[in-house]
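Here the structure of chain V is known, so what remains is to put chain D in place on it, guided by the hints.
Quick note, the sequences are listed as chains V and D, same order.
Numbered by the working numbering, the letters in the first sequence go through residues 1 to 105 in order.
Numbered by the working numbering, the letters in the second sequence go through residues 106 to 366 in order.
In short, the hints are calculated from the structure, not lab data.
Yeah, the Cβ is synthetic: ideal placement off N, Cα and C, and Gly gets one too.
Careful: at least some of the hints might be erroneous.
What the hints assert, rightly or not - Partial selection, computed: residues in chain V whose CB lies under 10 Å from chain D:
no., residue
1, Ile2
2, Ala35
3, Asn47
4, Pro55
5, Ile56
6, Tyr69
7, Val70
8, Asp72
9, Ile77
10, Glu85
11, Leu94
12, Leu95
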Amino acid sequence: MIPHERSLVDRLKDKPFALLGINSDVDKTYYAQQAKEMGVTWRSFWNGPKGTTGPISTKWNVRAWPTIYVLDHKGVIRFTNVRGEAMDKAVDQLLAEMEGEAKPK
Amino acid sequence: MHMIRSAVALLVLGVIVPAQSGADQAKAAAAEHEALAAAWKAETQASRDAQAKVRATDEFKAAQQAKDSEKMRELLGAVPRPDAKKMGEKALALADQFGDDGVRFLAFAMQANDKEVAAGIVERVTKNHIKNPNLGELLERPSGLLLAVSQADMEALLGKIAAENPSDQVKALAMYTQSTLLTRGKPTEEQKQQAEALLAAAEKIATGDLADRIAAPRFQKERLQIGKECPDIVGEDVDGVAFKLGDYRGKVVVLDFWGFW
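Isolated chain V, as found in the complex (with noise of 0.2 Å):
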């Protein structure tokens, strides 16, 4: 999981894409210190004090963890619970996309 997505973070650390977590530890200190363990240097939204239970996930009906969605550079939820390789070539089709919207042949 997290050695992954730190790869994916840094290969594409130059491209228009950003990996946002909803984070629902608990406690904000753990958080911090196995922030800095793993090597994670991506930001979260913090879920609350009631971890899993808080409330964005709550909003958003997540009953398994990892719940995982890709949105292109519109806004628009184009895959959803892509992991690993899958979720590599979600990213990379998504930001091909976008190029080939910017320069239209």
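Chain D in isolation, oriented as in the chain V frame:
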């Protein structure tokens, strides 16, 4: 004269004392609750620590290496487990002792996950707490009660609470829970419709987090589908800095609900 005065004093006290003892009683109940929770936490932690110790022994490691699951079970089995039933029974007794304030102990007793304790909880809710506005906590995780009652009885009990409880939040929670029970497994068309009607009714009276929770399946079905514009998220990052998903428009975004736990 003297006697009359003391009679008046008694009358006045008679009015004041119960009110004050009500507040005292709530305080006492809270203290007992805290003590019970602390004792239970210590007991479960001690058991977990003891298990960890067993896992660290050479004997256990050898069994693990040999994939001798029977031996592993035997070694772990020797560790005393937290006595959930005893905890549950204590919580039930406290519930009886504290009347209306006792409902919190019934919620706590749910953690025992024990059939007889669950039966005790249902019995007390039915008898004493249908109209208790603080019943909400207990309805949060009602599946434990199904150890002791049939789904039909549980639905009837929730229906009674939804009809008779004075708190809109409790009513809404009861209806919401009823709808989740109705749609467990393979619901019939009729059950599905019934569940939807209950959800709609619950959504009308619920507020806050509960309203979001009730609306969540519909929100997901209507807004969180491929091809739909993603709803915004407005919140704070883990450092307490406010931001929103919309700030990232123009970028490809992976949204990841996660945690280290």
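Against the structure, the hints:
no. : hint  : verdict
1   : Ile2  : holds, 9 Å
2   : Ala35 : holds, 8 Å
3   : Asn47 : holds, 8 Å
4   : Pro55 : holds, 6 Å
5   : Ile56 : holds, 6 Å
6   : Tyr69 : holds, 4 Å
7   : Val70 : holds, 5 Å
8   : Asp72 : holds, 6 Å
9   : Ile77 : holds, 5 Å
10  : Glu85 : violated, 14 Å
11  : Leu94 : holds, 4 Å
12  : Leu95 : holds, 6 Å
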